[in-house]
Each structure stands twice: as C-alpha cells, then as structure tokens.
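Residue numbers (the working numbering), protein chains in the order written: chain P, 1 to 359; chain X, 360 to 684.
FYI, nobody ran anything at the bench for these hints, they're computed from the structure. Virtual Cβ for every residue (Gly too), placed ideally from N, Cα, C. One should not assume that every hint holds.
As the list claims (entries may be wrong) - Which chain P residues face chain X? A few, computed with CB under 7 Å, are given here:
no., residue
1, HIS135
2, PHE139
3, LEU144
4, VAL149
5, ALA152
6, ILE156
7, ALA160
8, GLU189
9, GLY190
10, ALA218
Unchecked claim - The calculated lysine-lysine pairs, modelled on DSBU-like cross-linking and capped at a C-alpha distance of 30 Å, are:
no., chain 1, residue 1, chain 2, residue 2
11, X, LYS400, P, LYS195
12, P, LYS217, P, LYS195
13, X, LYS648, X, LYS602
14, P, LYS165, X, LYS648
15, P, LYS167, P, LYS327
16, X, LYS602, X, LYS641
17, P, LYS195, P, LYS167
18, X, LYS641, P, LYS167
19, P, LYS165, P, LYS195
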Amino acid sequence: MSAEIRRQTSRPKRPGGPVASGKRSADSGRSAPARNLDVARLSAHHRLMWRIRAFEQQALQALADKLVLGAIHPSIGQEAVAAGVCSNLEREDILLSTHRGHGHTLAKGADPLAMMRELFGREGGNCGGKGGSMHIADFGVGMLGANGVVGANIVIAAGAAHAIKLKREPNVVCCIFGDGAINRGPFLEGLNWAKVFGLPVLFVCEDNGFAATTRTKAMTAGEGPSARARSMGLPAVEIDGNDVLAVDAAAREMIEAVREGGGPRFLHVHTYRLTGHTGADPATYRPQEEVEERWRDDPIGQAEALLQAAGVEALDAAREDALAEMKQVYDVARDTPFPPVAQAYADVQDVGDPRREAF
Amino acid sequence: MAVLSYAEASRTAIAEEMRRDAAVWAVGEDLGRGGVFGQYKGLVEEFGPERISDAPISEACIMGAAVGAAMMGTRPIVEMRFSDFALCAVDELVNQAAKARYMFGGQTRVPMVVREPIGMWRSSAAQHSQSLEAWYAHIPGLVVVCPSTPADNKGLMKAAIRCDDPVVYMEHKNLWALDGEVPDGDDVLVPFGEARLVREGRDLTIVSWSAQVHACTTAAEALARNDIDAEVLDLRTLWPWDKARVLASVQRTGRLLVVQEAVSVAGFGAEIAATVAEHLHKALKAPVKRLGAPRIPISYAPPLEDTVRVTEAMVAAAAQALVRS
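Bound-form chain X, shown alone:
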C-alpha cells in the first residue's frame, strides 16, 4: 500500500499500463506539459512525445483520430480536458466510437479510454463544471466510469485501458488532490459493474458515485450519531451498474436515497430510483428519494454556485426524513 493522490493514482495506472503494453498511448491538449491538472506529469519524460502526444485544440479530431487509431490496433487514451469540451466531439464518440463495432458487424473493436473530468471546481461556471455522466450511460456501446477514491482511480483506470470497449472515464476535478491508500501491484484491477460498500447499515441505502460519495460518507457518520444506520454504496461505474447489489441492499433496508451532483432531472439517479421502484415496490418502507442539482446552469458567484450543490447536511436531512417518515 502506498498513499497516493487521486491524480497520482490514475497517472500511476497509465504509466504501468504503458510499460506493460506498447500499444497504449495518450493524446490531448497540453499533455507534454503534464496535462491541465498535472494528471500526466512526468509521463512524457519516460515515454516520449509520440506516446504522450500533444494535440491541437481539436476535440473532434482528438476523439475521431483515437477512433481510427483504435480500429488500427492501438489503445489510445484520449484527454478531453473538461467533460464540457467533449461535447465538441459527440459525433466521434457517440456515432463513431460507440457504434463502429456494432454497425460493422463485429469486424472491429474500438479500445479507447476517454478521460472527461467532471464536476464543480472553484467557480468554474457553466461551461467547466458539468456532470454529464448520464448522457453516456444512455448510449449503447459505451462503458461509463466515475471513480471516487485514489484506489479506485488506479484500479479502474487500469481496467479501462485493458478494456476492448470505448470507456468514458470521468474523474472529478475536485478530487485530484485527495490522498488515499492505493494497493501496489501491476495487476490490481477494479472490475466494472461492482459497487463498493463504503459503509454497512440497516436503516436505509444511500447510493452515490464520484465526489458525492464523500458527502454521503460524512453524512452517514453524522446520521450514526443520531442512531440512523445508513448503508452507503459507491457505484464506481454507471454502465454497467451494480443493480444486484443495490437491489439486495434496498431489499434489506427498505429505503433508498440516491445522491448525485448532476442535474437530477433525467439523471442517472432516475434510473436507479425507477429500477428499485420496479423491483422492490413491496419492500419499500418509504418512497424512493433523489438528491441532485436543480435544472439550472452552474453559476460563477459562490452563493449562486452553492445553490446547485448537494451538501452533507442535505444528505443527512433527506436520510432522516426517509427513516423517520
């Protein structure tokens, strides 16, 4: 075990996988200088500018070129800088990467990792703050990953690089500096579709992913002091998602609270809530509850930005209302 930051963890994963497989390479804006968040720091020195490649500010071409390069047997890691900018490359991701294998009848695979940092981060306003993970969970062909801890950011990144499907890999910008213990070992992978049990509990199930997992964990500790025993599940991946674990947990607790940073309307939380309602109607002791952002863009001014943020206090209050209802 070593203590690494969230950024160091995925960087270590990339370095290990690049040493392991010469077909792996990364391409995006400013990678030669370590990436906009330092998440590629030191890699160009080890692997050279061909495998840690700078790119013009051409999101459509970064993504589209990765599709072509992946179909030709390489394994590109694509840096989109901010998930908001990946919207310039939606055709290349949604119409090309996600569908090439299918519409060509299985003649090809598109093994690429698309890094799309998400989330609110220091007054970044409407075009640098979004959490659009639900968009990609909606698209057949894509895998969607939202790690919340350094350990997962290493193990999931390694799994993503070894995956033969296009993977949308969404790191949260506010977590880059978060430290945590990370298992050593070249082959310590975190499998897709397995939720992490953050905290066991019997009174309600809180399901979350990405940075909100930490708010949920803190809220659960506060709830415990009030004799409410919350189970916290970190989904880790949204497609596939660990439906079995969520259903088993809610079957036991009878209550579901979904917590997400994204806009709640048509967010992935709606998918979880609907699935639980479909399968566990009789087991529910209270209606399912979602917490997420209101359907407004994210502001620059801190008090306005805060109006879309789901806080620990809101999680605790919602949990309490569910249990005490």
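Just chain P, with the same shape it has in the complex:
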C-alpha cells in the first residue's frame, strides 16, 4: 500500500494537478467532491489510515492482554497527518517522530510485524525488543526514531538535515512533533538552527490540543506554533490535519520547496487525539461530549465520505484487510520469543564494552 503511494509521489510535479492542489483551507475536501479528486490517491490514504488504526487497535488490545507492558501513546484520530505527510517522502528521506509515532513509522514504510514485536519486547522487533513503543526506529526506511523526550527530535532533525547539506545529498528531513513541544527550548534552538544554516527540513507540528493531559493553550503564550515559526523566518502553513487531502497537498508543496533548496518549512496541522494520552489514560480531563463531537471529524470517516460521494464501492475492504493484517501481526508477535538475556549487554559501546567490563 505504501509502495503504491510512493509510486504516485515519484511522479513528476503536476502543477494544478488532480489532488485538491493549492487548497489548504480547513474545509478543503470536506464539501462536495472536487471534480479533480484523485480517487486512487485518496483510496491509498484511506487504506493506509486504516492500517494505522488497525495496528493501534491491536496494540491497545495487546495492552489489555498484557502483551504490551510499557506505555503506548495511540494516535487514533490523527492518522491523516501520518498518511498525508509521509506519502510525500521518498524512502531515502529521513523521518523523526515522537512518542506517539506508530502511525508515522508505518506510513514511512516500516514493517508492522517488526513494530508489533517491538511493542511486545520480542525478538525481531525493530530494535530487538530493547526500545519498545517510544523508541521505535527503522533506519532501513529512513525512520530515525520515535523519542521518549518531548521536543528532543527537533534538534536531532536539524542535525540530520545538516549532514545532508554537508554531504550534498538530495534528501530531505521531516520532523514531526506535538503542540506540547513548542514550549521546550529545543523547539526554538532547532528552528533557529535550521533557518540559519538553510537546511532541508520540514517541521510538522501535529497539534492535537493536548500537552500530555493538559490543554496546550492554557500553557502557551502568544499565537502558537505557526507564529513562532514565522517569527524566525520559516514559511508556515496552518491546516486541518484531519483532512488527509489537505495535509497531502500542503506537505507535498512544502517538501518540494524544501527539496529544491528553499530552506526549512513549517506545517502546522490541527487534529485531535480521540483516545487518552496513553493506552491507560481514561482522559477524564475532557467532557465525553467533546470526544463524541470530535469523532465526527474522524479523518477516516471524512475520507470515506469523499470516496463514497465519488462512487467508490467496497470501502469496507480497506478496513477488513487492515484488521486482518494487524490481527495476523498480533498473533505472530505474540508467538515470538523474548530476546536472549545476553542482548541486554549488546550494543552499548565498543570502547569499554560492558560485555567485557560492566562494573
């Protein structure tokens, strides 16, 4: 599925092309279907969003079944960001993600079985079971890691882009972080750095309204993410992050500009976390009516409405395929052994290797 998206993104730039291009307003794609709707592309997004959701539903089930032991941070309701942004990245492009990174990682092309094994702490996990959900990385697809520290990925992304510039490589870096991250120092330091050195990086602020379990607005001075980015000279765009076509179009335009040497860009997407902060958080800090109301903005539902209006049939297949795929992933991960204990001592360091001297 992601391969299909990638094939499409590798097509030459199509000015005025078929995907709601140029539309970045919050209501783009929500009204009657645009005449130039790219059904194939939207279908691919739809399937990818279902794969992300099904993966996380299985992960939450696994948490209840005590197969996932540490904290997981679901992105249910935020899938359009992962699908819309990552479908515009090439395999060689670099992605840095957050503690809420399952969707981003899958969308970048990581293998869901390796991811589920990682969540279960099993052999064959992306990180050999040593990282878990918050440290998922797949360097083979350019995914340089989720991060357990809010905002820490911003400066690392700046450095990854710095290396690309030093090596004169054509790739770009995409760094996704939440709205809570903008109140940490590395946000300012990383954006400033990227601008000063003219680096190929797209910053994506995935704004779900909550900094952990506190409303971000209550703890944030000024006009917020985009205003802060603009104050440092980064072109910034603010869009509805639950509209996958809007995200796709905005991300494509910005990634192209970054790739062409235009320096860093800033994409601010508004979305909503439909689950708790972690799999164990009942989210009692917000009224249930608010959550029910926001389910009406569910990005998958929006995509389905558009596809239905365009006459696409068999929408259920995307969901059923995704659920079957991730159920299989769950079953195989559950039956995979834990890593050998000796792995606890591996990959610490070459010099002063704890396999020789750990005390």
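Use these hints to put chain X onto chain P, whose structure you have.
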C-alpha cells in the same frame, strides 16, 4: 618529536584527522575565530566554514544536531566551550547520544567527540570551573577522556575522532599552554583504557588524571627526597579505566592515594577506592585515601578558590601519612 602546547596538540590531531577523513567536522560557538581558547586557530582557513562551523549559543542544538549528523554518517566534533555549559545539553548527550545505538537495537552509531573543557582557571567562579567527569563515567554508552599532557592530547583526540562511540573529551583549561614533546605521525594514537605510568615506585600508588597528575608528579619528586618512593599513574580515560594496572600497582605497594580536582563526594575517586577495597583488602597496608575538593561551589576570590584546590603539599602530606602510618 615536536614540542607542542596542549592546545596545539589537540588542534594538530583535529587537522590531521580532518585531512584523513572528509566526514569529520567541528561545530560550536566562535570556532571561526579559533575557538574561545584558540584551540581551533587556523583550522577554518584550511577547512572552510562548513567543516569548522560557527554555531548559535544553543548548546542543546549543537549537541542534538551532532547526534543527528552522527547518525547520518558524519563524525562531528562538538565544542561546548566550558563543561559547565554542556549542562544545557544533558538530554541530548545522556538521553540521545549515549542511548541511540542501544535503544534502537544497534541500527545506528553516534560517533561524536564532545569537547568539554574542565577545571579551575583564573578566578572563573562557580559556573566556569567545574570538573564533572564523574557524571559521564556514570552513563552507559559514553567514553570519558581526561588528557593531562600534550602527547596524550594528540593521541587521545585522534583516537576519539576515530571512535564510533560518543566520547566526552575533557581538556583542562589550565593546561592549554603546557608544552611537551609530542610524537609525530598520523597514526600515533593513544588507546583508551590504558593508564600512563608517570613514575614507578614501591611505597604507594598515587592515581590521578587531568591537571592533578602534574601536582602528583611534583609531589612524588618531593617525596623521593624524603625516601618515599611513590608510583604515579595517570588514568587518561575514566571509562574505560585501567583497573588492571591500578590493581596490580596497589597489590605491589599496598597503599592507594587517589587525587582529583573534582568534588570528592561521589567523584570518580570513590569508584577507584571502592574497587581497590573490594579486590585488595588483604594486600592493603593502610586504608585507601582520597583527596579532592570539598562539596562546596568554586569561589571567585583567590583565597576562597584555593580552599577547593588540592595542592602538591597536600598530596605529599597525604602520601607521607599513608606510608608512615
């Protein structure tokens, strides 16, 4: 052999390694003007401003960007200016650089050298004088280097740049101008984890590192005039540290004196003393002894600053007390 200063020695090492490997680059505040201590003088003229890169006063981003750049196949040398300022970048060093290889299951390496000048230096007071090497020795994933001579500052710097692990490289600010003979040769590296035998002796073992090695050496010469034959070991690196050499020496002498500039409480000297006590209890002719700073911040006023300084006289007196006890 050429006579170089401590600062020239590491600068020469960087220049040689940058000529040898195009992936090596340095980034930090004021590097284009040679660095705050002149330790990058002349390098921008040879290598250009991309490879000897200035940076904003953004320690967290200097360190964090180096982590990202190292994971992408370059080999950054990071300048923190003063080890005290590196505390603005502790997340990037401790949670990111030190752990990326491990928590990503070996998918990446983070080959970076973090230069953190340490130590007391001309009334620099509490935020420009600290010796925090023990903090980093405590962190799995990091290598900790504390050179005391120009020769080591070249050979250890070259080894650090070629190392695939993140290396915390702590030069002592008071040693920049110290001259010494430095071996020529592009491939003269000093291996990590091998202590330097500064002086052989049979009556006690003095273990030190960084600038305090020189106080210990002078003290040992004074002790020799009093018929006390002190062995002096310069650890050179704190992780890994040359446990075998220290244990063998103390086994022979039966006495251990650890000398450090850092605060003694929970300092690296405690690790050495504890290790010797664990392994050599029966060989000890006297209790192990540590000398270090009291657990107070470092003052500006010279008489107050001096209260935290371990002097040659203190080393000699402690050694004498151990031997004559």
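Those earlier numbered hints the structure runs against, lowest number first: 10, 14, 15, 18
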